[in-house]
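Asker: So the sequence lines, in the order shown, correspond to chains A and B.
Under our numbering, the first residue of the first sequence carries the number 34, and numbering increases by one thereafter.
Under our numbering, the first residue of the second sequence carries the number 11, and numbering increases by one thereafter.
No lab work stands behind these hints: they were computed from the structure.
Each hint should be verified, as a subset may be incorrect.
Using 16 Å as the maximum straight-line C-alpha spacing, the simulated EDC-like pairs for lysine to aspartate or glutamate come out as follows [as the list claims (entries may be wrong)]:
#1 B:167 to B:128
#2 B:23 to A:36
#3 B:23 to A:134
#4 A:186 to A:134
#5 A:94 to A:188
#6 A:186 to A:125
#7 B:23 to A:114
#8 B:94 to A:189
#9 A:186 to A:124
#10 B:42 to B:132
#11 A:103 to A:116
#12 A:103 to A:119
So the chains spell out like this:
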Amino acid sequence: RSELSLAAFALLFSELVQYCQRRVASVAELQARLAQLGHHVGLRALDALVARERPGRRETKVLGVLLFVKGPLWRALFGREADKLEQANDDDRTFYVIEREPLVNTFVSVPRENSSLNCAAFAAGLLEAVLGASGFPARVSAHWHKGTTLMIKFDEAVIARDKSLEGR
Amino acid sequence: MSQSPGRKQENHKISRELFVLTYGALVAQLCKDYEKDEDVNTCLDRMGYSMGVRLIDDFLARSAVKKCRSYSETADMIAQVAFKTYLGVTPSVSCSSATGNEFSLILDKNPLVDFVEELPAERASLCYCNLLCGVIRGALEMVHLAAEVTFRQDRLKGDAVTEIGITFLRKPEDRKHKRN
Chain A
34 RSELSLAAFA LLFSELVQYC QRRVASVAEL QARLAQLGHH VGLRALDALV ARERPGRRET
94 KVLGVLLFVK GPLWRALFGR EADKLEQAND DDRTFYVIER EPLVNTFVSV PRENSSLNCA
154 AFAAGLLEAV LGASGFPARV SAHWHKGTTL MIKFDEAVIA RDKSLEGR
Chain B
11 MSQSPGRKQE NHKISRELFV LTYGALVAQL CKDYEKDEDV NTCLDRMGYS MGVRLIDDFL
71 ARSAVKKCRS YSETADMIAQ VAFKTYLGVT PSVSCSSATG NEFSLILDKN PLVDFVEELP
131 AERASLCYCN LLCGVIRGAL EMVHLAAEVT FRQDRLKGDA VTEIGITFLR KPEDRKHKRN
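Okay, chain A solo, but in the shape it has when bound (with noise of 0.2 Å):
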């Protein structure tokens, strides 16, 4: 299994992040950028991941994808499971993956102008990526709550059909 150094990683993220930040004028924006290279990163690490652990095995059920992101997922990448799933009490579209101190944050520190910047939005763009190309369109945000929310707001088409798997 390949690891590699945080700090290599964190330095990365910061010239990414530095990058960005020179050619958008606003948070949002900045968050927008993130959550495109995040995706690109998305996209590939599905593939390799998918190819090494679950060959010919593919999640149907929305609590079947939600719960390798959390684990397998999350593990490979960030080497550690999500700290909580949770589904929001009102809303059958919306999940939230939880962690108290994200990996990609690490060595991140927010200048109180720009304080609604997560950088975590790069992990939002990440995990939409995953979860569009396992058949399970969603928008995903990052949020500052209990640490680093991502909110999940999966497509009206996804439960629907989740609701009718159900029923077989």
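Fit chain B to the supplied structure of chain A, relying on the hints for placement.
Answerer: The following block gives chain B in isolation, referenced to the frame of chain A:
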């Protein structure tokens, strides 16, 4: 495998895949933003430099190595300790000049190109791993060694091996390093 609350993250490792794919995403973004290969190469080199000047601190703190007394020791250190620590590979080192200040690092395996098969036709002169050159140059500069670092050969461009050339620039007032 629970972690006690409040303990600072001691997990100092991340997956190689994440690093390699993130690097790929960065290069892809640069290719979108810059039309010319030279611009992308320069940008990568500059980013690498900026990483290198900070990475050296981590390297020195982590490996507690003694001061290198010659260029060849330095080149060995880069290949055998630094590359091993940060990329998990050990390139072979050879001295490529009689004056003893030019070295070649031959990379047998290059993790950065794990998922890269070949360069697209319109990007034929892209130095995909140019970040590495910047990193080495930046790190060396922080220990007061000026050097030129470039890719002499690149497997992605069709060469047989991937070779990084390090040329230490001798400073005229530098007496201490005469012992070579």
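Asker: For every hint, state whether the structure bears it out.
Answerer: Going down the list of hints, with the structure as the test:
Restraint check: the Cα-Cα separation between residue 167 (chain B) and residue 128 (chain B) comes to about 8 Å, which is no more than 16 Å; the hinted pair holds. At most 16 Å may separate the alpha-carbon atoms for a hinted pair to count; residue 23 (chain B) and residue 36 (chain A) meet this at roughly 6 Å. Of the supplied pair hints, the one linking residue 23 (chain B) and residue 134 (chain A) holds, its CA atoms being roughly 15 Å apart against a limit of 16 Å. The suggested pairing of residue 186 (chain A) with residue 134 (chain A) is violated, with an alpha-carbon distance near 22 Å, which exceeds 16 Å.
Pair hint residue 94 (chain A) plus residue 188 (chain A) holds up; C-alpha atoms about 14 Å apart against a cutoff of 16 Å. Note on residue 186 (chain A) and residue 125 (chain A): the hinted pairing holds, with a Cα-Cα distance of about 9 Å set against a maximum of 16 Å. Between residue 23 (chain B) and residue 114 (chain A) the CA atoms are separated by roughly 14 Å; this keeps the pair inside 16 Å, and the hint holds. A C-alpha spacing of about 48 Å is found between residue 94 (chain B) and residue 189 (chain A), which places the hinted pair above 16 Å, so the restraint is violated.
With a CA separation close to 9 Å, the supplied pair residue 186 (chain A) and residue 124 (chain A) stays within the 16 Å bound. For the suggested pair residue 42 (chain B) and residue 132 (chain B), the alpha carbons sit about 12 Å apart, so the restraint of at most 16 Å is met. Annotation: proposed proximity of residue 103 (chain A) to residue 116 (chain A) holds, straight-line Cα distance about 8 Å (limit 16 Å). Simply put, residue 103 (chain A) and residue 119 (chain A) have alpha-carbon atoms about 11 Å apart, close enough for the 16 Å limit, and the pair holds.
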